[in-house]
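*Asks:* Between the sequences and the hints, there should be enough to build the whole structure, so can you do that?
For reference, the chains in residue letters:
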Amino acid sequence: MIISRKLGQFLLPLLATGAILAAGCAKDPAGDASMAPPAAPTPAVAAVPETAPVPAPVFQEEKVMEPAATAAPATALQSAETQLAALTRIHFDYDQYVLSTTARDTLAANATILKALPTVKVKIEGHCDERGSDQYNIALGERRAQAALNYLVSLGVNAGQLSTVSFGEEMPLDPGHGEAAWAQNRRAEFKPVK
Amino acid sequence: MQRKQEIAEVKQKLKELLKADTRKATSAPTAPAGAEPGKDKDPGSTYEAYIRQFLKEAWTLSKYQVGSLNLAAEVSLTFDAHGTLTDYRFLRRSGETRFDESVQRAVLDLRQLPTAPGQTFSLRVTFNLKELLER
Amino acid sequence: MILRHFLIFFVLTLCIAAEARSQVEISAPGRQLLPLAVTRILPLAGTARPELVNDFDATLRADLDLAGLFFPIPIAAYPDDAGQIGLTSTQIDFLSWQKLGAKALIKGGYTESGGELVVEARLYDPSGRRLLNGRRYRGKVADIRRMAHAFADQVLLSLTGTEGPFNSRIACVSSRSGRKELYLLDVDGQGLERLTEHGAIILNPDFSPQGKEIIFTSYRYGKPDLFRKEIYTGREIAVSARPGINISARYRPDGGEIALTLSHEGNSEIYLVGTDGSMRRRLTDNWGIDVDPTWSPGGDRLAFVSDRLGNPHLFTLDLASGAVGQLTVAGKYNATPAWSPLGDRIAFTRLEEKKFEIYTIRPDGSDERRLTDGPGSKEHPRWSSDGRFLVFSSNQDGESALYLMRADGSGLRRVTPPGLAASQPAWSGRW
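Residue numbers (the working numbering), protein chains in the order written: chain A, 534 to 727; chain B, 1294 to 1428; chain C, 852 to 1282.
Don't take every hint at face value.
Claimed, not checked - Computed spacing ranges between beta-carbons, pair by pair: (1) B:1385 <-> C:941: 36 to 46 Å; (2) B:1388 <-> C:1104: 23 to 33 Å; (3) C:1104 <-> A:714: 38 to 48 Å; (4) C:1224 <-> A:710: 57 to 67 Å; (5) A:689 <-> C:1282: 51 to 61 Å; (6) C:909 <-> B:1374: 46 to 56 Å; (7) B:1369 <-> C:1225: 47 to 57 Å; (8) B:1361 <-> C:939: 34 to 44 Å; (9) A:712 <-> C:1260: 25 to 35 Å; (10) B:1369 <-> C:944: 30 to 40 Å; (11) C:1009 <-> B:1369: 28 to 38 Å; (12) B:1361 <-> C:927: 31 to 41 Å; (13) C:1193 <-> A:689: 53 to 63 Å.
Hints listed in this document are in silico derivations from the structure and should not be mistaken for laboratory results. The beta-carbon is built from N, C-alpha and C at its ideal position, and this holds for glycine as well.
*Replies:* Rendered as structure tokens:
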């Protein structure tokens, strides 16, 4: 019961984002580096394509990370919740914390949401894949989270809204051990602070 | 298979030890192969091969007993005309107790040469771990 | 140049001349394992408890096997003296052991009464016909294996000059409960105890060199903070909960201070703090990630991991001068250094074809040696307090488990039982 209600909460905005995205992608060749972060007229245009089609792991992951999220939100906050749910995670290359063009686009979209909700606080979680020293990965995860935070602030998000935490390799999104899983796990996540 | 070989080794060792005991009791010891005692003026070189072989086999030391493999000790051995070890002296100690003790034990196992050299002689033996170092 | 060649030639000639007559060199012992007899301990009074004897015998033999310096004489070859209770030099038939070639002989006895156990153990030198070491242990029946560990340590002391590390504990992280918590076990994988119930993520323990205390990183408060726990009282405090990360903490060998990685000033740097967490000073200052410090035995140097040259490599830091030197050159990813308590080598891991292998290197960067191979990743090497052995975690058997090996990579064996999912070990000093 609880899960299905929660599922609905996250699935709707995700599907919506995905649909708009799919349309946008078809026209717009992806990965054009010269396309510096546009002022993001709509969040959807800048959203990351790769995360949209994988809803299943998202729910698994949310279950672990945010057990408190099952508390029913007040009606007045419903729209904020919905918007926050659209905050999209970003991914990184191996042993890197540099923001890719795709990540920057995603962050621009996230920045728009955060600026619209100036009272909401968000914790940025840095994560790594399982390879490498776990202690080194905690430091690396922190850099990823900080890179995301700094970029959001550079886009005008109030620094007071943001904080970071690194989980290193401890909370993989995909528990697998292949390149695909590792690529999923090298990420920064945006979690509303209750 | 390795175990069998090890058991065989122990039995061999046991034989050797028994041989060492009888050698002291009997007066007709057998000469070791490759060390035909002649009437050379230098009994040291005559018995060299035997002594090297004997001491090598008698010397028991694990590399895990010593803190370094860069160790060496030098011992002077003196035999009387009957081939009995009458004196040994450390010309140089390694400085590591375990190493020096193991050398001393090996030397003390060598109480008697298999044949009488007919004259007193001395020889110097160096013990080191060069073979272990190379690995 | 010519002069030097001439000198070398001259010296060689002299050496050859000196060695020419009656000089014998023996460049390795003919027998590099000590023939050892371990007799079963016998009941001194009261009823026989064969299951206790089995525990003692198996534990002692396993420890001495790992030590690597013995050849166990086959039990079938033991003389009648093995079954005779006599424990003093005058009562032992040394000649029968000598004939067997035994260089070391262990005999013992025990008395069990109402759960109370006394074990007498003796180490003899059969050729010298003398007692090398004798111990009496009093305790509970449940202590039998630890008594065997303690005696194994004494056997090593007598035969090598350095006490063994078997009467100690290994701490590790296990997710057996569903969360990563801290556990404690004996070096043979027995005696498992759970130390924490944080219900979060616990990482990277390190034992205090002095007491039965342990420091570790925990996400108990939502981020990586450093905690210290007294193992027997259970008392626990957050030592460093500064903003950012508080990780990879290591006690200085004298126990007086702790080196760790903090990021409260913005970047991951290594700092020195008191055991109460109070700031002493910052030790590194570089844009890169600096983590995983490990102390030299003298406490005057650190080795650590930094990506300041691009990839994670090992570096050393001289605390007095602040001088930093690069330790590893090869490999693209070097991690988790552990400085041997003997000071002569630093163990670390290197990523090789998508898995980590364990290496050691001299503190001056020379004589690098790879210790492991085969399937699975090997991570988190840590030394025993005597520098003889390394414990590490590996997934080579499919699940994460702890393994032991000698400092030269030989004698590999698994420590933890199936299902424990253990990783990130730390090895205590003598308990």
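*Asks:* Confirm or reject each hint.
*Replies:* A quick look at each hint next to the structure:
1. At about 37 Å, the beta-carbon gap between residue 1385 (chain B) and residue 941 (chain C) stays in the expected band of 36 to 46 Å.
2. Separation of residue 1388 (chain B) from residue 1104 (chain C) is about 25 Å and conforms to the stated range, judged on CB atoms against 23 to 33 Å.
3. One distance hint, 38 to 48 Å for the beta-carbon pair residue 1104 (chain C) and residue 714 (chain A), holds here, with the actual separation near 40 Å.
4. For residue 1224 (chain C) and residue 710 (chain A), the hinted distance range of 57 to 67 Å is not satisfied, since their beta carbons lie about 20 Å from each other.
5. The hinted range of 51 to 61 Å is satisfied by residue 689 (chain A) and residue 1282 (chain C), whose Cβ atoms lie roughly 58 Å apart.
6. Range check, residue 909 (chain C) to residue 1374 (chain B): about 54 Å between beta-carbon atoms, so the 46 to 56 Å window is met.
7. For residue 1369 (chain B) and residue 1225 (chain C), the Cβ-Cβ distance of about 49 Å falls inside the hinted range of 47 to 57 Å, so the restraint holds.
8. Here the CB-CB span from residue 1361 (chain B) to residue 939 (chain C) is close to 36 Å, well matched to the stated 34 to 44 Å.
9. Remark: the range hint 25 to 35 Å for residue 712 (chain A) to residue 1260 (chain C) is upheld by a beta-carbon distance near 30 Å.
10. Between residue 1369 (chain B) and residue 944 (chain C) the beta carbons are some 35 Å apart, a value that agrees with the proposed interval 30 to 40 Å.
11. Range check, residue 1009 (chain C) to residue 1369 (chain B): about 29 Å between beta-carbon atoms, so the 28 to 38 Å window is met.
12. With their beta carbons about 37 Å apart, residue 1361 (chain B) and residue 927 (chain C) fall inside the hinted range of 31 to 41 Å.
13. A hinted range of 53 to 63 Å for the beta carbons of residue 1193 (chain C) and residue 689 (chain A) is consistent with their spacing of about 57 Å.
In this structure, the one hint that does not hold is number 4.
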